[in-house]
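Number of protein chains: 2
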Amino acid sequence: MIEIERKFLVSNDSFIEQAFVKNKISQGYLSSVPERTVRVRIKGDVGFLTIKGASSKSGLSRYEWEKEISLNDAENLLLLCEPGVIEKTRYEVISGNHTFEIDVFYGDNKGLIIAEIELTAEMEYFELPDWIGAEVTGDVKYYNSFLSQNPFKNW
Amino acid sequence: MIEIERKFLVSNDSFIEQAFVKNKISQGYLSSVPERTVRVRIKGDVGFLTIKGASSKSGLSRYEWEKEISLNDAENLLLLCEPGVIEKTRYEVISGNHTFEIDVFYGDNKGLIIAEIELTAEMEYFELPDWIGAEVTGDVKYYNSFLSQNPFKNW
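So the sequence lines, in the order shown, correspond to chains V and C. As numbered in our numbering, residues -1 to 153 make up the first sequence, in order. As numbered in our numbering, residues -1 to 153 make up the second sequence, in order.
What the hints contain is simulated information worked out from the structure, not anything from laboratory work. On a predicted model such as this, the values are computed, not experimentally measured, just so you know. Please note that a few of the clues may not be correct.
Note: identical chains are not told apart, hence a pair may lie in one copy or across any two.
[Claimed, not checked] In silico BS3-like pairs for lysine-lysine, Cα to Cα no more than 30 Å straight-line:
1. Lys55 x Lys5
2. Lys65 x Lys22
3. Lys139 x Lys22
4. Lys65 x Lys41
5. Lys108 x Lys20
Here chain V stands alone, though its shape is the one from the complex (with noise of 0.2 Å):
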């Protein structure tokens, strides 16, 4: 399918108390280019096996292709990652018809805090939280893909 979404910094810590879903999140790339990103992901006691194709022109729109694997299938997978796991909380927070995932990044990328909003429409209406800070949409140096290679404290 084409996943759309919009992606912010987040200008404060407020978002933590309105959050309804915590999740512990590690993931790592058997492959970080952006064309072609394969990602093996552990949330909570859950593995995913990710893979996503090129932005469209506008930033906003890519092709994303999911399923659920075995915790124990995405452990081993993550030993054959390239080096530079990533490591975060996401919380959940939901505003008006939508919900924010926010990423709290540890490790390398400690300092770094990213919104997400899933879209089904590149044009959708939605409201921005007063923690919402600077739009980074289709910035690839915001992607987990280039921070597990380019971590946020070498910028």
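Place chain C on chain V using the hints.
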């Protein structure tokens, strides 16, 4: 799981009349790096996603993870793959207690025929049919992932 296999060139085409299965295979690579190969395959009308790790020192064993996926998903994922999709016909031939898979390549790899046998232990005995040629087990040059980027016609 760990896959143990040995690989041989094929000296003549008498294996064809011994084959009990024949399938057309198209496959591409989301990553052709030997340490983390990600392969998309269509075999007959079934799709597969396969991830392989680096070979063991002997060259015989390799971590392999494989899941069947829909034909439609496989077709979409093939479009994301690196240039160099491999086309081949796979014949399966029984030899004693084992099955040989013999791949006859087309396109840029025309002229190449490779036979593989899967074993349950590195030292396992098996019979060598008279159409088997030189062993090429562990030779990265004969990996399909390598052939997709460095086809036989360029050797």
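When the structure is checked against the list of hints, which entries are broken? Sort them ascending. Going through the list in order, the structure violates no hint and respects every one.
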